[in-house]
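I would like the entire structure built from these sequences, with the hints used as guidance.
First to last, the sequence lines map onto chains A and B.
Quick note on the UniProt record's numbering: the first sequence kicks off at 1 and runs consecutively.
Quick note on the UniProt record's numbering: the second sequence kicks off at 1 and runs consecutively.
Just to be clear, a hint being listed does not mean it is correct.
[Unchecked claim] No more than 20 angstroms apart at the CA atoms, straight line, and that leaves these computed lysine to any residue pairs for SDA-like:
no. : chain 1 : residue 1 : chain 2 : residue 2
1   : A       : Lys91     : B       : Thr3
2   : B       : Lys60     : B       : Phe121
3   : A       : Lys36     : B       : Ala39
[To be verified] Where chain A lies over chain B, by a calculated footprint (3+ residues, C-beta under 8 angstroms):
no. : region
4   : 5 to 12
5   : 16 to 26
6   : 29 to 43
No lab work stands behind these hints, which were simulated from the structure alone.
The structure presented is a predicted model; accordingly, all values stated were derived computationally and were not measured.
No residue lacks a Cβ here, since even glycine has one placed at the ideal position from N, Cα and C.
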Amino acid sequence: MHRVHTDRLCVPFHPIKCGGNEAKCEGKSELIPTIKFRHCCLLRNQRCVAAYLYDRLLRIRALRWEYGSVLPANIRFHMCAEELEWFNQYKKSLATFMRSLGGDEGLDITQDMKPPKSLYIEVRCLKDHGEFEIDDGTVILLKKNSQHFLPRWKCEQLIRQGVLEHVIS
Amino acid sequence: MDTQSYMPVPPGVGLEENFFSLDDILLSHQRLPCRTENAFPRLGFLEKSSETPDILEGTKMEMPLWLAKGLYERKRRVLSVDLPKMYREGWRTVFGADPNVVDLHKMGPYFYGLGSQLLHFDSPENPEIAQAILQTYIGRFRRTMDSSQNAYNEDTSALVERLDFLERTLFREGKSVQRKW
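As structure tokens, then:
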């Protein structure tokens with residue numbers, strides 16, 4: 001779940017009422033400290049908002065690596081239109097980059113993020129995920145608590161999403 | 001989000017803050033005791049103890065770090081910042097004697113961060129403050145690293161309680177690396 005820690009972010013609210021009076025202060029240099037004070041507050045608000053939005057983008061970027069190129073609907077629900085657009089652009093850039101590696105076919109670098117120890121792994125299903133097709137055409141029913149012996153590269157996404165669990169005996 | 005793909009902006013080192021760092025934003029929210037050298041007209045509503053419409057010259061206030069940094073000018077016309085008590089002579093000798101004894105979390109959870117930022121305010125004690133912070137860190141570093149590497153699967157809340165924010169980050173990193181290993 002895309003958890004944005006909004007409780008960490010404190011955007012101070014300063015009801016500075018002297019904004020409207022600035023227009024009257026031509027020549028009144030004693031108001032300058034007050035204006036400077038207000039300016040600091042505005043800069044602070046700007047910094048908080050900018051950092052919040054930037055942090056959201058960093059988390060959205062991490063989503064591409066954790067969940068893959070299709071985001072679940074409940075996460076998409078929390079993103080604004082510009083963020084969705086940013087995500088699409090990022091996906092495209094990443095795909096272009098991956099295609100340019102490793103000869104004709106390209107290389108999927110979002111797989112095998114840790115060096116694998118074997119081709120096939122034993123996995124246990126943590127929740128019902130329905131049917132799952134592997135490369136040779138066989139369809140496997142992923143039901144809670146069932147165990148399977150599957151190729152590593154097919155399972156990796158599901159392990160990261162928490163659907164499967166790698167069983168180390 | 002504690003996956004390896006999420007890389008938040010780290011806090012700045014030394015005198016610099018990172019603009020986008022959430023940790024630095026929280027750090028700069030800490031308050032410092034200050035005294036105004038100038039009057040601030042029409043801002044009296046911020047100073048709850050007095051009834052005046054303006055903040056008068058010589059008012060003692062607590063200001064957050066970001067405000068103090070923004071208003072401070074070297075020519076010293078606007079603001080003067082007093083040192084919080086843990087950066088003063090008395091506490092500095094305590095740190096010099098035995099840094100491991102002190103509960104740095106209670107001394108303000110951002111002891112090192114705030115101390116580094118204090119150096120912006122041109123106090124005559126700056127070199128001593130800088131030295132004290134450095135020596136405290138050196139003195140406590142060994143124990144923090146040691147305990148983070150050897151406390152596998154144990155309840156470390158008692159150890160972590162007395163650490164400041166920077167040390168806690170170090171501790172967490174040490175623990176997570178050890179877990180992966």
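Against the structure, the hints:
Between A/Lys91 and B/Thr3, the direct Cα distance comes to roughly 19 angstroms. Compliance with the 20 angstroms bound is thereby established for this hinted pair. Straight-line distance between C-alpha atoms of B/Lys60 and B/Phe121 comes to about 16 angstroms, which keeps the hinted pair within the 20 angstroms bound. For a cut-off of 20 angstroms, the pair hint linking A/Lys36 to B/Ala39 stands: about 12 angstroms separates their Cα positions. Remark: the region 5 to 12 of chain B is confirmed as covered by chain A, as 5 of its residues place a Cβ nearer than 8 angstroms to a Cβ of that chain, reaching the required three.
By the rule of at least three residues with a Cβ nearer than 8 angstroms to a Cβ of chain A, the coverage given for the region 16 to 26 of chain B holds, with 6 such residues. Using a Cβ-Cβ cut-off of 8 angstroms, 7 residues of the region 29 to 43 of chain B lie near chain A, which meets the minimum of three, so the contact claim holds.
When held up to the earlier numbered hints, the structure conflicts with none and fits them all.
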